[in-house]
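Order-wise, the sequence lines are chains A and B. Position in the first sequence (from 1) plus 7 gives the number in the working numbering. Position in the second sequence (from 1) plus 52 gives the number in the working numbering.
Just so you know, the hints here were simulated from the structure itself, not pulled from any lab data. Errors might be hidden in some of the hints.
[Claimed, not checked] Estimated spans, in silico, between C-beta atoms of each pair:
#	chain 1	residue 1	chain 2	residue 2	range
1	A	R175	B	I199	17 to 23 angstroms
2	A	F32	B	V111	22 to 28 angstroms
3	A	K116	B	N188	19 to 25 angstroms
4	A	A100	B	F210	43 to 49 angstroms
5	B	G125	A	H15	34 to 40 angstroms
6	A	F34	B	V66	33 to 39 angstroms
7	A	H79	B	I199	29 to 35 angstroms
8	A	F32	B	V176	22 to 28 angstroms
9	B	N188	A	A22	45 to 51 angstroms
10	B	A131	A	F71	49 to 55 angstroms
11	A	T47	B	N188	48 to 54 angstroms
[To be verified] Every beta carbon over 10 angstroms from chain B, so not counted as near; a handful from chain A, in silico:
#	residue
12	D52
13	I62
14	E74
15	E77
16	K78
17	S157
18	D174
Note that the structure is a prediction, hence the values are computed from the model and not measured. By construction, the Cβ of each residue, glycine as well, lies at the ideal position given by its N, Cα and C atoms.
The lines below spell out each chain.
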Amino acid sequence: MRDFLGKHKQYFWPAGYLLLTLASFAFGFAPGKEVFGNFTHFFIDMVSFIPFLFIIVGLFDVWFPKEKVEKHIGQESGIKGILVMIILAMMQAGPLYGAFPVAYILYKKGASIKNIFIYLGAFASLKIPMLGMEIGYLGIQFTLARTLVSLPLFIAIGYFMEWYFKDRDFKVNKL
Amino acid sequence: MRNDAYFFIIVSVVLTLLSFFLDRKKTVMGLKKGWKMFQNIAIPFVNILILVSLALYLVPPALIVRYLGPESGWGGQIAAGVIGSITLIPGFISYPIASVLIREGASYAVVATFMTTLMMVGVVTLPLEIKYFGRNVAVLRNVLNFIAAIVIGACVGFML
Chain A
8 MRDFLGKHKQ YFWPAGYLLL TLASFAFGFA PGKEVFGNFT HFFIDMVSFI PFLFIIVGLF
68 DVWFPKEKVE KHIGQESGIK GILVMIILAM MQAGPLYGAF PVAYILYKKG ASIKNIFIYL
128 GAFASLKIPM LGMEIGYLGI QFTLARTLVS LPLFIAIGYF MEWYFKDRDF KVNKL
Chain B
53 MRNDAYFFII VSVVLTLLSF FLDRKKTVMG LKKGWKMFQN IAIPFVNILI LVSLALYLVP
113 PALIVRYLGP ESGWGGQIAA GVIGSITLIP GFISYPIASV LIREGASYAV VATFMTTLMM
173 VGVVTLPLEI KYFGRNVAVL RNVLNFIAAI VIGACVGFML
């Protein structure tokens, strides 16, 4: 029984909500009905594009594997190096702190300070699945505007970090 | 249903057909991968939708307009930046929240600032970041990104 509860813990909250909603309709509790109206709206929003977004992301993943880009790390410099960093970052997933171990690997592979921070910037704000979500929820205009303003700014942060920390014994630690 | 849902549906169908035509095995693998990713986020996502539905009922739009609307100015943006910096909300969950905020009257500047700090500034994860990069680097990165977020918000607000 405890095993069963542990395994299905994540369903408690939606199940509880479902029960409350059923009760709201049974007893004519207006706020419950209104919240359910909101929920239905959001839910339809979600299922109308997110599964398709993940089809696109999944296909992208098999046709353009990260490993292909990873090979170029450290070899290319200048604009090409920046581009490789940004593309590699765009292919990742997960929260920013998941990028810190990758920063260590980049550091070990000889990536410049500038490129490490450009990687972190692109990782935080240009991941492909997240851009897809952003387009779906906030529109292409918002996504384009935010991306176009962010891109030069985090490249500038990369340059600034390199300029500031070049002579101050910069290193990335392994945890 | 959202208008741009058609965009995703059409693109995914076209890409799947194209991919299937080129390589069946790869296509099946890709679809499986995509489905797995969707499965991973589905329940947390539904949970956040429940929360957002509830919040939408409880929080009057007037409040959102007043504190996060166009009139809130720099104060609203800085508040959004601080909240985005100290909260640890997974990216995919923040988008429905952001879209509701805009629908209820928050300004693009405020939402762009909030989203950017959420993604690029992490107060909660700062101790971990310090372990990787050292104190000076980690603190400076976060401060610079916070400033960048305010600039990004202001520019996006200006552009839209």
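Outcome of the hint check:
1. For R175 of chain A and I199 of chain B, the hinted distance range of 17 to 23 angstroms is satisfied, since their beta carbons lie about 21 angstroms from each other.
2. Range check, F32 of chain A to V111 of chain B: about 23 angstroms between beta-carbon atoms, so the 22 to 28 angstroms window is met.
3. K116 of chain A and N188 of chain B have their C-beta atoms about 23 angstroms apart, which keeps the hinted 19 to 25 angstroms range intact.
4. Here the CB-CB span from A100 of chain A to F210 of chain B is close to 31 angstroms, at odds with the stated 43 to 49 angstroms.
5. In this structure the supplied range 34 to 40 angstroms is violated for G125 of chain B paired with H15 of chain A, their Cβ-Cβ distance being about 47 angstroms.
6. At about 48 angstroms, the beta-carbon gap between F34 of chain A and V66 of chain B misses the expected band of 33 to 39 angstroms.
7. In this structure the supplied range 29 to 35 angstroms holds for H79 of chain A paired with I199 of chain B, their Cβ-Cβ distance being about 31 angstroms.
8. Range check, F32 of chain A to V176 of chain B: Cβ separation about 39 angstroms, and the 22 to 28 angstroms hint is violated.
9. Between N188 of chain B and A22 of chain A the CB atoms are about 48 angstroms apart, so this pair conforms to the stated range of 45 to 51 angstroms.
10. A131 of chain B and F71 of chain A have their C-beta atoms about 40 angstroms apart, which leaves the hinted 49 to 55 angstroms range violated.
11. Between T47 of chain A and N188 of chain B the beta carbon distance is about 50 angstroms. The supplied range of 48 to 54 angstroms therefore holds.
12. With a cut of 10 angstroms on Cβ distances, D52 of chain A falls inside the contact zone with chain B, its closest approach being about 6 angstroms.
13. I62 of chain A, annotated as away from the interface, has a beta carbon of chain B within 10 angstroms; the closest lies near 4 angstroms.
14. Interface exclusion of E74 of chain A from chain B stands, the closest Cβ pair being 15 angstroms apart, more than 10 angstroms.
15. The Cβ of E77 of chain A lies farther than 10 angstroms from every Cβ of chain B, with a closest approach of about 18 angstroms, so its non-interface assignment holds.
16. Every C-beta of chain B lies more than 10 angstroms from that of K78 of chain A, the closest at about 20 angstroms, which supports listing it as non-interface.
17. Residue-level check failed: S157 of chain A sits 6 angstroms from the nearest beta carbon of chain B, not beyond 10 angstroms.
18. Listed as outside the interface, D174 of chain A is consistent with that label: its C-beta sits roughly 13 angstroms from the nearest C-beta of chain B, beyond the 10 angstroms cut-off.
The structure fails to meet hints 4, 5, 6, 8, 10, 12, 13, 17 from the earlier list, while all remaining hints are met.
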